[in-house]
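Using the sequences and the hints, build the whole thing.
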Amino acid sequence: MLLTRKSLPLHPTMLANLVTSMPLYVCTFWTVLLLLDVVEQRQAAKRRLLVYMVAAALLYMGHYVFFNRAAALLPVTDTIYCTTNLAVFPLYFLYLKELTEPQWNRRLQWLLLLPTAVIGTTIGTLYALMTPEQTRQFTEAYLYHNHFAGLDGAAWWQAALHHTGKLVFAMQIPPILVLGFRMISRYDQAVEANYADTDDKRLQLMKNVLVLFVVTSFISFGANLLGRYRFADSMWLLLVPSVLFSVLQFMLGFAGYRQQFTIRDMMRDMQLAPSANGDALTIAVETATDADGNVEQQTSILDTLPRQLTELMSRERLFLQPNLKITDVAERLHTNRTYVSRVLKEQLDTTFADFINRQRIDHACRLMKQQPDLSAADVATMSGFSSQSSFYRNFKKYMGCSPTDYQE
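One point on numbering: in the numbering used here, the residue at position 20 of the sequence shown is 999, and numbering is uninterrupted.
It cannot be assumed that every hint is accurate.
Cross-link-like lysine-lysine pairs, in silico, DSS-like; alpha carbons within 25 Å at most [said to hold, decoys possible]:
#1 Lys1186 - Lys1375
#2 Lys1348 - Lys1304
#3 Lys1376 - Lys1348
#4 Lys1348 - Lys1375
#5 Lys1375 - Lys1324
#6 Lys1304 - Lys1375
#7 Lys1304 - Lys1324
#8 Lys1376 - Lys1304
#9 Lys1348 - Lys1186
Cβ-Cβ distance ranges computed for the label pairs, FRET-style [unchecked claim]:
#10 Lys1348 - Leu997: 51 to 59 Å
#11 Gln1183 - Asp1307: 35 to 43 Å
#12 Leu1052 - Ser1381: 50 to 58 Å
#13 Gly1132 - Gln1239: 49 to 57 Å
#14 Leu1087 - Val1190: 37 to 45 Å
#15 Phe1127 - Thr1100: 31 to 39 Å
#16 Lys1186 - His1126: 38 to 46 Å
#17 Val1190 - Met1378: 24 to 32 Å
#18 Ala1149 - Arg1086: 20 to 28 Å
#19 Met1292 - Ser1164: 26 to 34 Å
#20 Gln1349 - Leu1087: 51 to 59 Å
No lab work stands behind these hints, which were simulated from the structure alone.
Think of the CB as a built atom: it goes at the ideal place given N, C-alpha and C, for glycine as much as any other residue.
So this is what it looks like as structure tokens:
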């Protein structure tokens, strides 16, 4: 006999546990996977993401205790919640810096986390100083009804400090959003300038996750202003932010787990030392000068290089080489990658990725005309693409249609 929803109702306690623990389970899942990955690979960026995910798991543990009204645990878990709530944005920002900048001032992390440490420590200290009656009054009046009525002494200061924490949380969002987008954009520009195959290197998914991160943070800030207690009275109402936060954390964990390539890998591939200011764009657009500062010699090289570059592609069809890097082209031209990058940018008005992939797509079109029975996978491989997804994306970009539509 088939079980219907009516014949097997969801017990209220089961629903409450599911709704209140969903984001916690997601963060715990990614914490375990990232921990295993860090032990195996020891990648600095993954370690940063692991720290973020641990903080997020502790944050949602505080949510779980609050919404299940475990009053005896609240002094500890609320301290953890307030601390990690202020920490998640700076920790994610530090993760993005590890991904996109080869060298940066490590003291910045202590500066970013200073408000978190001060407010979190003060909240924990006030809980320790409050009497059991003050703790009960604060819990009922402020945590579950969001007002100061009847509060005095340490309980009043605790409520004021919680309000301050909410404002600090809101103030973190705009600068980290702007700086995060800027770091990701600069990194992606450097990838486009140095690699032909960029799909496994660019941070487009990270940019989308950052947008979702900010949206959910504004929702969280609004919910805190209204009072979390409003959601505690209805599990169905709480289900909306719970699902939203779970989706965010899952996407963030997924994007970070699959991102194997970082700015450090790029520096190694280009055989460059980290710049003093950690600017990723120096990789893509550093100024070309020879050892003696000979401007005339430099100008001569830059004048002849476009023709040599075109002839090289026509003669050797170097674009058919998978995972082609700008250093590979520079080596064949007996010059350095800086000159090649400058010629592409200033004289041909393109990036290395566009220059190579445009020629790959032209070659793919010729193949499809000459051998119409070839599969799209074969055409992609024979045209130098490292994956079908890269082939389809670039074909759509340059031809305005899919390979299948083009063949038809």
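Hints versus structure:
1. Lys1186 - Lys1375: Given that 25 Å is the threshold and the Cα spacing comes to 22 Å, the pair holds.
2. Lys1348 - Lys1304: Violated: lysine 1348 and lysine 1304 sit about 28 Å apart, past 25 Å.
3. Lys1376 - Lys1348: 19 Å, holds
4. Lys1348 - Lys1375: 17 Å, holds
5. Lys1375 - Lys1324: 23 Å, holds
6. Lys1304 - Lys1375: Roughly 23 Å separates the two Cα atoms, so the pair holds.
7. Lys1304 - Lys1324: 16 Å, holds
8. Lys1376 - Lys1304: 21 Å, holds
9. Lys1348 - Lys1186: 38 Å, violated
10. Lys1348 - Leu997: 51 to 59 Å: Between lysine 1348 and leucine 997, where Cβ atoms are some 56 Å apart, the hint holds.
11. Gln1183 - Asp1307: 35 to 43 Å: 24 Å, violated
12. Leu1052 - Ser1381: 50 to 58 Å: At 56 Å between Cβs, range holds.
13. Gly1132 - Gln1239: 49 to 57 Å: For glutamine 1239 against glycine 1132, whose Cβ atoms are near 53 Å apart, the range 49 to 57 Å holds.
14. Leu1087 - Val1190: 37 to 45 Å: 23 Å, violated
15. Phe1127 - Thr1100: 31 to 39 Å: 22 Å, violated
16. Lys1186 - His1126: 38 to 46 Å: 40 Å, holds
17. Val1190 - Met1378: 24 to 32 Å: For methionine 1378 against valine 1190, whose Cβ atoms are near 29 Å apart, the range 24 to 32 Å holds.
18. Ala1149 - Arg1086: 20 to 28 Å: 25 Å Cβ-Cβ, so the 20 to 28 Å window holds.
19. Met1292 - Ser1164: 26 to 34 Å: 28 Å, holds
20. Gln1349 - Leu1087: 51 to 59 Å: 56 Å, holds
In this structure, the earlier hints numbered 2, 9, 11, 14 and 15 are contradicted, and the remaining ones agree with it.
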